[in-house]
Amino acid sequence: MTVTPDLAAAVTPSTDRPVAPVRIGALGGDGALVLSGPAASAGSEELRGHRSRWGELPPYDGVRIRALLRDSRLDGRGGAGFPLGRKVETARLTPGRPVLIVNASESEPESRKDRVLCRHRPHLVLDGAALLARSLGVDEVVLHAHRSARSPIGALSLAVVERVRAGEPDPTWRLSEGPDRYVAGESSAVASFVDHGEGRPRFATRPLAVVGPSGRPTVVANVETLTQLSVAARIGAVAWNALGAPSSPGPRLVTLAGAVPHPGQVLELTGPGTIGDLLAAGGMTNPPAAVLVGGFAGTWVRGDEAWQTPFTRESLHCVGASPGCGLLGVLPHDACPLGETARIVRYLAGESAGQCGSCVAGLPRLADGLEALAAGTARRRSVGKLSALADAVLGSGACAHPDGVVRLVRSTLGVFGDDVVRHLAGGPCRGSDHPPVLAVPDPRTSPATDGAAWR
Amino acid sequence: MAVTVTVRIDPTRCRGHAICALFFADGVELDQWGFGRVVVDSVDSARSVRKVRRAAAACPNGAFLVSERATPEPRPVGAG
Numbered sequence: 022m023t024v025t026p027d028l029a030a031a032v033t034p035s036t037d038r039p040v041a042p043v044r045i046g047a048l049g050g051d052g053a054l055v056l057s058g059p060a061a062s063a064g065s066e067e068l069r070g071h072r073s074r075w076g077e078l079p080p081y082d083g084v085r086i087r088a089l090l091r092d093s094r095l096d097g098r099g100g101a102g103f104p105l106g107r108k109v110e111t112a113r114l115t116p117g118r119p120v121l122i123v124n125a126s127e128s129e130p131e132s133r134k135d136r137v138l139c140r141h142r143p144h145l146v147l148d149g150a151a152l153l154a155r156s157l158g159v160d161e162v163v164l165h166a167h168r169s170a171r172s173p174i175g176a177l178s179l180a181v182v183e184r185v186r187a188g189e190p191d192p193t194w195r196l197s198e199g200p201d202r203y204v205a206g207e208s209s210a211v212a213s214f215v216d217h218g219e220g221r222p223r224f225a226t227r228p229l230a231v232v233g234p235s236g237r238p239t240v241v242a243n244v245e246t247l248t249q250l251s252v253a254a255r256i257g258a259v260a261w262n263a264l265g266a267p268s269s270p271g272p273r274l275v276t277l278a279g280a281v282p283h284p285g286q287v288l289e290l291t292g293p294g295t296i297g298d299l300l301a302a303g304g305m306t307n308p309p310a311a312v313l314v315g316g317f318a319g320t321w322v323r324g325d326e327a328w329q330t331p332f333t334r335e336s337l338h339c340v341g342a343s344p345g346c347g348l349l350g351v352l353p354h355d356a357c358p359l360g361e362t363a364r365i366v367r368y369l370a371g372e373s374a375g376q377c378g379s380c381v382a383g384l385p386r387l388a389d390g391l392e393a394l395a396a397g398t399a400r401r402r403s404v405g406k407l408s409a410l411a412d413a414v415l416g417s418g419a420c421a422h423p424d425g426v427v428r429l430v431r432s433t434l435g436v437f438g439d440d441v442v443r444h445l446a447g448g449p450c451r452g453s454d455h456p457p458v459l460a461v462p463d464p465r466t467s468p469a470t471d472g473a474a475w476r
Numbered sequence: 551m552a553v554t555v556t557v558r559i560d561p562t563r564c565r566g567h568a569i570c571a572l573f574f575a576d577g578v579e580l581d582q583w584g585f586g587r588v589v590v591d592s593v594d595s596a597r598s599v600r601k602v603r604r605a606a607a608a609c610p611n612g613a614f615l616v617s618e619r620a621t622p623e624p625r626p627v628g629a630g
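Heads up: the sequence lines are chains W and S, in that order.
Here this note's numbering is used: position 54 in the first sequence is 75, and no number is missing along the way.
Here this note's numbering is used: position 6 in the second sequence is 556, and no number is missing along the way.
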């Protein structure tokens, strides 16, 4: 069999694709594309300014937008990284009018990027939502966020009013605010809240894009994903794709947290920049002890290793991590990694929706185990028990909440093996006096099993 | 016509009564709290199909879910 030149080109390793030079920019700063425009102090960019910088919403029809989704390979930016184009294609293959929900929940306590977009570039978000509505052939879009002081729904609703007054050819916007709980931001929980007012994750044998809680195909898309869609629509699928790395299409937003000069800073990365590049752009000069990559339900990576690792899906995969929601939590050398992790695990245990037995029973035991390790009261065999417990919890839930906690616990035992041994031998470390590094909310003492807590 | 049965446990409904593991012992494992986990998620032998149907009927919470679909008969060799 002979291989035609075209086919040979198609199977050439992706590393031969053009890769954009590394650029990192903050809101309104140099080196930013998605975050370009007015500085943070200017507040929300109004429709007129937005249109003068980006032009009118491109008049693409559904076919063209679906081609854009396919060619850009736009991946979801809420955490799971699922390609948006696949959700849209699935929903379109299923009979029934699709439900489209913009997920502005941003449940991750230390993540800021989605709120920054809603507050400062709301029209980029809404343009993306309008394009996605067109690709699905729907005329209504639900904008959903958590009911909290940090909710970006006010900023979005002001932008909606502006667009309605300007007579934009938009779908009908519907605002929705659900319970302010960690797992209430999970896509099936959001879809459930929008359908029947109870925002808990849902057990399903088929994906939401096939059948959501309403019985109709349901597409839930993250705020950054939609923002990227509207940028890709302006600059073209191929050009947008090339602003990332071969395994990670497009530019990517990251939130810095923990022991950094400006916790909560949101940066935009173009090209295959490393975590070190991002932390240096955030004002750090040396690798920290470790970096929590991807969110609370993410993965610890040793600082010197993280510093050299490109923030791309492929490279992060090699160190056991994934971009997740784009959070980089920095652990300084003088803090106790086990104590930090124990606080996160205790918080996540309290955020269980209280539906699945192993999550309700297992997560508090994982938190107990880590707290005992951090306090130096654990025995040698308790590490094996903790591992076994993690194995038992993995994959046991209707949603991925327990799996995320297991991922964090396993990476802790792997990356901080030396610390574990020291704590087993000599009790708590010097870092136990260190003030908390990551801003972990106070844990709930027991998960809210009552449905009323989720309305 | 033969059937193929797909088996799942809805973890949001499972309360750990473990009755499914009595009827379908070779296909369900119990974790340390007694919650079931499906390890054989598709059966087609008449014996196994009987077992999973009983397990589904016996679960007090309706957490043991089976979905049945007809398996096309293999065409006789040499036919057509």
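Wrong hints could be hidden among the right ones.
Chain S is faced by these chain W residues, among others (derived, beta-carbon under 7 Å) [claimed, not checked]:
{"id": "1", "residue": "G375"}
{"id": "2", "residue": "A382"}
{"id": "3", "residue": "A419"}
{"id": "4", "residue": "A421"}
Hints were generated in silico from the structure; no laboratory data involved.
A quick note: this is a predicted structure, and the numbers were derived from the prediction, not measured.
Ideal Cβ placement from N, Cα and C applies to all residues, glycine included.
Report the numbers of all earlier hints that the structure fails to satisfy, in ascending order. Failing hints, ascending: 1, 4.
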